[in-house]
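Novice: Listed below are the residues making up each chain.
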Amino acid sequence: MINEELVRKVIAEVLQEVGASENVGAASVAARQSVTAVKAGISMEMTEKERATRGTDAREVVVAIPPAFGTEFDATIVDVSLADVLRQVFAGIEEQGLSWRLVRVYHTADVAFIAHQAAKLSGSGVGIGIISRGTTVIHQRDLAPLNNLELFPQSPLLDLETFRAIGRNAGMYAKGEQPVPVATKNDPMARPKFQGIAALLHNKEVKALDRSKSPMELQVRFR
Amino acid sequence: MADKRSKRFEILENRPVHQDGFIGEWVDVGLIAMDSPNDPKPSVVVRDGLIVEMDGRPRKEFDMIEQFVADYCIDRSVAQEAMSKSSLELARMLVDISVPTKEVRRLFSGLTPAKMADVIGQMNIVEIMMAMQKMRARQTPGNQAHITSATDNPIMLCADAAEGALRGFMEEETTVAVARYAALNAISLLVGSQTGRPGVLTQDALEEAFELQIGMQGLTSYAETVSVYGTESVFVDGDDTPWSKAFLASAYASRGIKMRFTSGTGSEVQMGAAEGRSMLYLEARCIMVTKGAGVQGLQNGSISCIGVPGAVPSGLRAVAGENLITMIYGLEVASGNDQTFSHSDMRRTARTIPQMFSGADFIFSGYSGVPNKDNMFAGSNWDIEDVDDYLTLQRDFRVDGGLNPVTEDEVVACRNKAARALQAVYDELGFPAISDEEIEAATYGHSSSDMPPRNIPEDLKAAERVMTEMINGIDIIKALSKRGFREEAEALVRMMKQHVSGDYLQTSAWVDREGGVWSAVNDPNSYQGPGTGYSMSEERWNQLKNVPWAIRAEDV
Numbered sequence: 000m001i002n003e004e005l006v007r008k009v010i011a012e013v014l015q016e017v018g019a020s021e022n023v024g025a026a027s028v029a030a031r032q033s034v035t036a037v038k039a040g041i042s043m044e045m046t047e048k049e050r051a052t053r054g055t056d057a058r059e060v061v062v063a064i065p066p067a068f069g070t071e072f073d074a075t076i077v078d079v080s081l082a083d084v085l086r087q088v089f090a091g092i093e094e095q096g097l098s099w100r101l102v103r104v105y106h107t108a109d110v111a112f113i114a115h116q117a118a119k120l121s122g123s124g125v126g127i128g129i130i131s132r133g134t135t136v137i138h139q140r141d142l143a144p145l146n147n148l149e150l151f152p153q154s155p156l157l158d159l160e161t162f163r164a165i166g167r168n169a170g171m172y173a174k175g176e177q178p179v180p181v182a183t184k185n186d187p188m189a190r191p192k193f194q195g196i197a198a199l200l201h202n203k204e205v206k207a208l209d210r211s212k213s214p215m216e217l218q219v220r221f222r
Numbered sequence: 000m001a002d003k004r005s006k007r008f009e010i011l012e013n014r015p016v017h018q019d020g021f022i023g024e025w026v027d028v029g030l031i032a033m034d035s036p037n038d039p040k041p042s043v044v045v046r047d048g049l050i051v052e053m054d055g056r057p058r059k060e061f062d063m064i065e066q067f068v069a070d071y072c073i074d075r076s077v078a079q080e081a082m083s084k085s086s087l088e089l090a091r092m093l094v095d096i097s098v099p100t101k102e103v104r105r106l107f108s109g110l111t112p113a114k115m116a117d118v119i120g121q122m123n124i125v126e127i128m129m130a131m132q133k134m135r136a137r138q139t140p141g142n143q144a145h146i147t148s149a150t151d152n153p154i155m156l157c158a159d160a161a162e163g164a165l166r167g168f169m170e171e172e173t174t175v176a177v178a179r180y181a182a183l184n185a186i187s188l189l190v191g192s193q194t195g196r197p198g199v200l201t202q203d204a205l206e207e208a209f210e211l212q213i214g215m216q217g218l219t220s221y222a223e224t225v226s227v228y229g230t231e232s233v234f235v236d237g238d239d240t241p242w243s244k245a246f247l248a249s250a251y252a253s254r255g256i257k258m259r260f261t262s263g264t265g266s267e268v269q270m271g272a273a274e275g276r277s278m279l280y281l282e283a284r285c286i287m288v289t290k291g292a293g294v295q296g297l298q299n300g301s302i303s304c305i306g307v308p309g310a311v312p313s314g315l316r317a318v319a320g321e322n323l324i325t326m327i328y329g330l331e332v333a334s335g336n337d338q339t340f341s342h343s344d345m346r347r348t349a350r351t352i353p354q355m356f357s358g359a360d361f362i363f364s365g366y367s368g369v370p371n372k373d374n375m376f377a378g379s380n381w382d383i384e385d386v387d388d389y390l391t392l393q394r395d396f397r398v399d400g401g402l403n404p405v406t407e408d409e410v411v412a413c414r415n416k417a418a419r420a421l422q423a424v425y426d427e428l429g430f431p432a433i434s435d436e437e438i439e440a441a442t443y444g445h446s447s448s449d450m451p452p453r454n455i456p457e458d459l460k461a462a463e464r465v466m467t468e469m470i471n472g473i474d475i476i477k478a479l480s481k482r483g484f485r486e487e488a489e490a491l492v493r494m495m496k497q498h499v500s501g502d503y504l505q506t507s508a509w510v511d512r513e514g515g516v517w518s519a520v521n522d523p524n525s526y527q528g529p530g531t532g533y534s535m536s537e538e539r540w541n542q543l544k545n546v547p548w549a550i551r552a553e554d555v
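From first to last, the protein sequence lines stand for chains W and X. Quick note: the first sequence, position 45, residue 44 per numbering that gives the first Met the number 0, numbers continuous. Quick note: the second sequence, position 426, residue 425 per numbering that gives the first Met the number 0, numbers continuous.
Source of the hints: derived by calculation from the structure; they are not laboratory data. The beta carbon of each residue, even a glycine, is placed where N, CA and C say it ideally should be. Among the hints, erroneous ones may be present.
Over 12 angstroms on every C-beta distance to chain X, these chain W residues come out as not near it, computed from the model [what the hints assert, rightly or not]:
1. Gly54
2. Glu94
3. Glu216
Covered by chain X, per the in silico footprint, the following chain W stretches (three or more residues, Cβ under 8 angstroms) [what the hints assert, rightly or not]:
4. 102-109
5. 140-151
6. 186-196
Build the full structure now, drawing on both the sequences and the hints.
Specialist: Spelled out as structure tokens, the structure:
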């Protein structure tokens, strides 16, 4: 069941932001330089570094996230901690003996384009895009943006085990292997339960965009 | 809330409807179905044959959707006459059986998006249904199925496509769990559909360039996931414009592939860019872009965003309203009903009634021909487990919903034949073998979990071969013919001929088992009140009323 309180909270927060949106700009970007998300025991601290460039390491996977990830949002649509999400994705990549880089994309909240941006920046040509409510795509540089290697469209069904498997498979693609795709979960009732709130969350995600800003490298520390 | 709870309210809270997500209107972001205070007020000024003002905005301030609609959709010669009538008067013309459809179409082609939305706003749901019955383009109603598999199992897909065709679906669409399986899914649908009932059209809903490619290879015969949007920013986010979509539409037409656009209420707010406009107003703009692009039809009825209008007041009325606008323009409508939006069986049924009872070119843009857990469009409002209820509704109300009662023996035989045909095709093409055990499982199974597992990486290599070696419809025909599946091969030859003749590019076209094409041209809707319009033949009614599980009076 959708938590009515959460819906009200999101509406109230967004309305508040709309009211103050005239002079959000620089202040909120500055505030975003260093943020801490705490949930379920572990927390993360993300620090924004220089502008992201295309990697040369063929043994890396780039993970890209939108502006509200870990700043406005600290958990997915089903309350899975975003710090845990990233940790599991990274662990999956590392399991394959590869390294990862984290990038924040500012110009779009469309997960296909975020993932494609990650792939384009990645030395291996393989990237992962994750938006704040959890929707995830594994992408490859030479595919069309709306094509992909693997797509996980139903955010309410994504648990930490799945995120680990997503990282693992991305690592395998990066090494030129052909992994068995992560088993697709399908809950026909996810839409009736979550679509309204997904719309609210997405509106909030979009409000954090800065369409003129380039992707930036992020440093992340888990505690 | 008080500590002591009302038992009545406790019971009500545990009803399925309480698992649905409802939200209040939020006008600023466009979470409102109809009549947003931010919707523009209708207006038009035509000067020297050019629309210089529309819905309160001067031409130099038009966004690209407004420019496209003003220049390619609205008939400037009737715009001022039409816009001078009140919305109420126009709404009454839609339901008045004495005003001919042709006259309604002439006048309504001069309306602006804001006026169109305002006219629909004057109507209650029964009036919208009356207007649908009168305005829909083709006389004979039809239905369309989703055929997908959670594991992309090719044999199960093929058997399900055959059963769906036998059950009466005129069109079948698939998509994927894993994108790289797409070419194999297209082949499964092609072989299965033509085994079940020759002439069924199939599509593979994927990325747009892939859809065009696979259609050109003759492995699909239609497409309907060419999305248009009601705000400029959403269009631009998708790297598109109305002009690029119109160009894509002409690419399909030039290659003899039937195609319709896709839109629907709620998508703009779902994507966070509704600009505070109502869902129906934005959808009116999408429909007018479709008309302006010269496309024969539209898949709408909210589609994958149905949870959004379904969550706000009057949302399902707006969804019926958008189907009606599409019909007003004489476009083919595949009217939604194809996505889960409610836990409540009552709401699920109620959402379907406007299109099912009034008739539509395709009542669903994808009734799930497979159990919903296998539905890779994330579930349909109705699935194969509901089909006997659907057949009963057809019988209860003497309504043709496009489906046929079938017997177990027919279904088993047809699934088996389709699976064997696919086994032959795989063998001829050198694809990973299909075992007799898999055929047995697909013949009698219900879902993909009844199937033995496949070697997925090996199947994916075969899928890649389809695209790199350009394996096409003719290759499938050769394989079927060589292995004795003569009827299926002949059915496929007729489908390939359509890619050349293009008869099925006419509005609302479907192909019958002999290869005859029926459309708004040779089967136009003639409804003008009781005793006119579509009526079932005696033969069709006998078929629909004889559901196999009814007790025959003469046997008692």
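Novice: Look at each hint and say if it fits the structure.
Specialist: Results for each hint:
{"no.": "1", "hint": "Gly54", "result": "24 angstroms, holds"}
{"no.": "2", "hint": "Glu94", "result": "19 angstroms, holds"}
{"no.": "3", "hint": "Glu216", "result": "24 angstroms, holds"}
{"no.": "4", "hint": "102-109", "result": "holds (count 3)"}
{"no.": "5", "hint": "140-151", "result": "holds (count 8)"}
{"no.": "6", "hint": "186-196", "result": "holds (count 11)"}
Violation of the numbered hints given earlier is absent; every hint is satisfied by the structure.
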